[in-house]
Amino acid sequence: MYDIEPRVNGHTERASVPAGMTLLEFLRDRLALTGSKEGCGIGECGACTVLLDGKPVTACLVLAVEADGLDVRTIEGEATDGQLSALQQSFVDAGAVQCGFCTPGMIMSARGLLLRNPHPSDEEIVEAIAGNLCRCTGYEAILRAIRAAAQQEVEPLPGEPDTKTARLLRSDQSTGGRP
Amino acid sequence: MTRELTYVGKSVPRDDAADKVTGAARYTHDLSLPGMLHAALVTSPHAAARIARIDASDAARLPGVRAVLTGADVDVRLGLYMQDKRILAHDVVRYQGEPVVAVAADTLDIAREACRRIHVEYEPRPAVLDPREAMKTAAALVHPDLGSYSHMEGVFFPTSRTNIAHHQKIRKGDVDAAFASAEVILKAGFDNPPVQHVPMETHASIAQALPGGRAEIWTSSQSPYTVRHLMSIAFGLPHNAVRVHVPYVGGGFGGKAGLNLEPLVYVLSKAAGGRPVRFVATREEEFNTLPSRQGLYSTIEIGTTRAGTIVALKATYVWDAGAYADYGVNVGRAAAYSGAGPYAIPNCWIDSFVVYTNKVYGTAYRGFGHLEVLWGVERAMDQMARKLGLDPAEFRRRNLLKPGDMTITGETFTAGHGEPSACLDAVAGAIDWGTPSPPPVEPTKRRGKGIAMLHKAPAMPTSTACSAIIKLDEDGAADILVSGVDYGQGTYTVLRQIAAEELRLPIQAVHINSDCDTAFTPYDWQTVASRFAYMGGHAVLRAAGDCLGQIRAVAAQVFGVATDKIVCENASAYPAGEPERAIPYRDLALGYTYPNGNAIGGPVIGHGRFIAHDLTHLDPDTGQGRPAQFWTYGAHGVEIEVDTETGEIEILRIATAIDAGKVLNAGLARGQVIGGVVQGIGSALWEGFRFDRSGHLLNPSFVDYKIPTAKDLPREMTPILLENPQPDGPYGARGIAEHPMISVPSAIGNALFDALGIEFASLPLSPESVVTRLAERGAEP
Ligand code: FES
Ligand code: FES
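For the protein sequence lines, the chains are A and B, in the order given. Numbers in our numbering are just positions in the first sequence, counted from 1, shifted up by 2. Numbers in our numbering are just positions in the second sequence, counted from 1, shifted up by 1.
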């Protein structure tokens, strides 16, 4: 057993953990921070992404002992005083959430990006979440959400139905794809 | 409905999003109960083998192990349509990855260690891998006892002493005569590999066997009531002795329909003295052990006149069901009655065979067989058009269903079905069909365009039912109770919109709890087939109407007017023309109290129900009948660029038109279209199981089984939603959730031919296959 003292979402946690315990297990099973998800357990899906000293890591591949003395930020630390961050709010507003299982990891990857690069290009946004798998959304709304958060403003959802020309509704004239 | 709509049709954001962006949303993966044990599995390393001996004595002695079960301990066969599967393999294993022994222990580590100490001796047998071979009479039988299995009678027709779990026939007109007189005939073969759903939350279930023969289950499922029903049948429990909770679900796509891990954790809990037992599939188990989408081999023959009118279509579909076909039989049925595409076909003959093999078993997957059959049909339509010298869009336009035409099961197509040709025109316009792509900058690249049609109806029993309860709260707000599951589609938001619209409440005042619980939320068959917004929508409409009736009755008494003179508006009720006298719902929700203390009415609780209507079983010999509550039609148009050196295909733009009847929530509908299209791109370009010669799955991980990432998005995606109302749909709506995925591979395959002049018959259109085919062509003289 190893004694560790990571700072998790601003609180110092003291714990004794086995050598093989992953940071993800520590967060979920010991601290009951179940917002970080396990989608594969072997570093291939990004659902477990958290920030370690500000940098996104896949917590299933990091040992709990490696977090000793470091700053860990999880999805539970993203909102302040019950107020969603601009990033969270733009995920809601852009329709970037479906089943939501990938969402915490997506948001943490995006947070890591915005911390190191507050004005990312579209390519940099794609790159930042390229390791986060989402099976539901097709990513387009997620990219839009991160872009909007970076600009601190939220684009209105395209596709308000035009009730006058009832038959043919093109909900997006322009690009709905990759930037 | 003359009133301007306040909520229906608007992009109301989903209200569970706040839970999901904060990590507060609790999925089955996240649940933990006091005293809970953890389960692990020993699975078969062989695709086909006899189990000679199981020695679990070492494992049972390991401290912390609470239960060890083998197939001999749990002799129950399960299934919704076809009871062909046991909880644990007994005597024989039928696919690599099949559960053989299950262990429950204090920790997952102990459970896994116990599994390592279990010794199973197998006598491997030759695996049955190709369903076309497996259909032959001489083939080894995957289920020698098939003839004795119970199944849904009159709907499914297993052939005993064969590997054929179901044979669906469609017979319309005189196909032989039509082909004899056809002026142009095309015959082509196509195939699709089995694929995985890949929900980001793998399958997970917790069960507790409670005293008095009761069971409580928490599960990542699309089907709370079907789980309850099948558990009750399997274990001889009264329905109300089984309680099923479904918390947030991290994606399903069909893979979490029906019964999955629930019986396994239940029998473990029973064996462990009633402690709750949890099993969460690893990603590798999700690939190896849990169900997939069936593979398919198609042969399609089309006959036309010289002018390009289809006179006959004949198709044989051979489904690679894998080891169990409980759900596969219904895929084979539904895809057959859709198996000629959305065309007017006077003479049609389809045989759809669902065939057992020694592979991981199939189940429902978004599109329910339609992506697979339309991969063939829509590629064949393009080939036929070229044979006729017609533009592929024009050839389709001539043959698409129009009002008055008859479908291949004998249903008359009407304007209320939607407008397939308008979908085609919309996508053709969006990708500038008819104008060749500008040449790519790099000389090694080629560009091409393709189009494809799609259609699908819900595949469900003829008596599928659904219900909803709405209760008003003390403050006049409303709670909707339903048992359909919103595992991401957004249906709960749509139901809230409908209730808010009907009850004249602000949308924020209408709530749906994200947890289904069969002890409290009312019956719904299961959340599949793109029918929840349609059926649940109706149930909520009626439940809201019931609430309004109760509100009006009390208000009428208070105001001393007839009930039909009461107007409900702005969360209040008043006599017509006298809005200043309005009583807010909060003063009516629990009953009305007069100033002197007398009270009338009582808590307002409305219920609404809906059952499929006018559907019939299909005639076993001809497939004629009415299988579909509604049809949804659509089309894709795509432009691609293919790199002739790497074989990689880039989607430059894709336009998707779906005739939704009525768009209930534009933002969510858009999300379904884009999410579905990208999932379809996965099926088109990369996804597919690969097996070795002995039936071992070679790619059970994200490294070897690629799904689309953010880097793989098309440069441009254009969702187009048409609104030709469904006469019996809520606000005119029909289901759209599965459809965007269907025919994406067909459109891309057609574009690939346009780009390279090479016919691709097999999915996926992977870089390797493109490069190989280019090299073959290069080698030709
Ligand atoms: S769970 Fe860590 S990357 Fe998938
Ligand atoms: S929202 Fe379901 S996996 Fe991303």
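None of these hints come from the bench; they were simulated from the model. Please read all numbers here as calculations on a predicted model, not as lab measurements. Hints are not guaranteed to be accurate.
[What the hints assert, rightly or not] Here are some chain A residues pointing at chain B (derived, C-beta under 10 angstroms):
id: 1; residue: Tyr4
id: 2; residue: Ala17
id: 3; residue: Ser18
id: 4; residue: Ala21
id: 5; residue: Leu63
id: 6; residue: Val94
id: 7; residue: Glu142
Ideal placement from N, C-alpha and C gives every residue a C-beta, glycine not left out.
Now for the hints, and whether the structure bears them out:
The interface hint given for Tyr4 (chain A) is broken, as the beta carbon of that residue sits about 17 angstroms from the closest beta carbon of chain B, more than 10 angstroms. Against a cut-off of 10 angstroms between C-beta atoms, the interface hint on Ala17 (chain A) is violated, since the closest Cβ of chain B lies about 17 angstroms away. For Ser18 (chain A), the interface hint is violated, the least distance from its beta-carbon to any beta-carbon of chain B being 16 angstroms, above 10 angstroms. Interface hint at Ala21 (chain A): violated, since its Cβ lies 13 angstroms from the closest Cβ of chain B, which is beyond the 10 angstroms cut-off.
For Leu63 (chain A), the shortest C-beta to C-beta distance to chain B is roughly 13 angstroms, which exceeds 10 angstroms, and the interface hint is violated. Taking 10 angstroms as the C-beta contact cut-off toward chain B, the hint placing Val94 (chain A) at the interface holds, the least distance being around 4 angstroms. Taking 10 angstroms as the C-beta contact cut-off toward chain B, the hint placing Glu142 (chain A) at the interface holds, the least distance being around 5 angstroms.
Going through the hint list in order, the structure does not satisfy hints 1, 2, 3, 4, 5.
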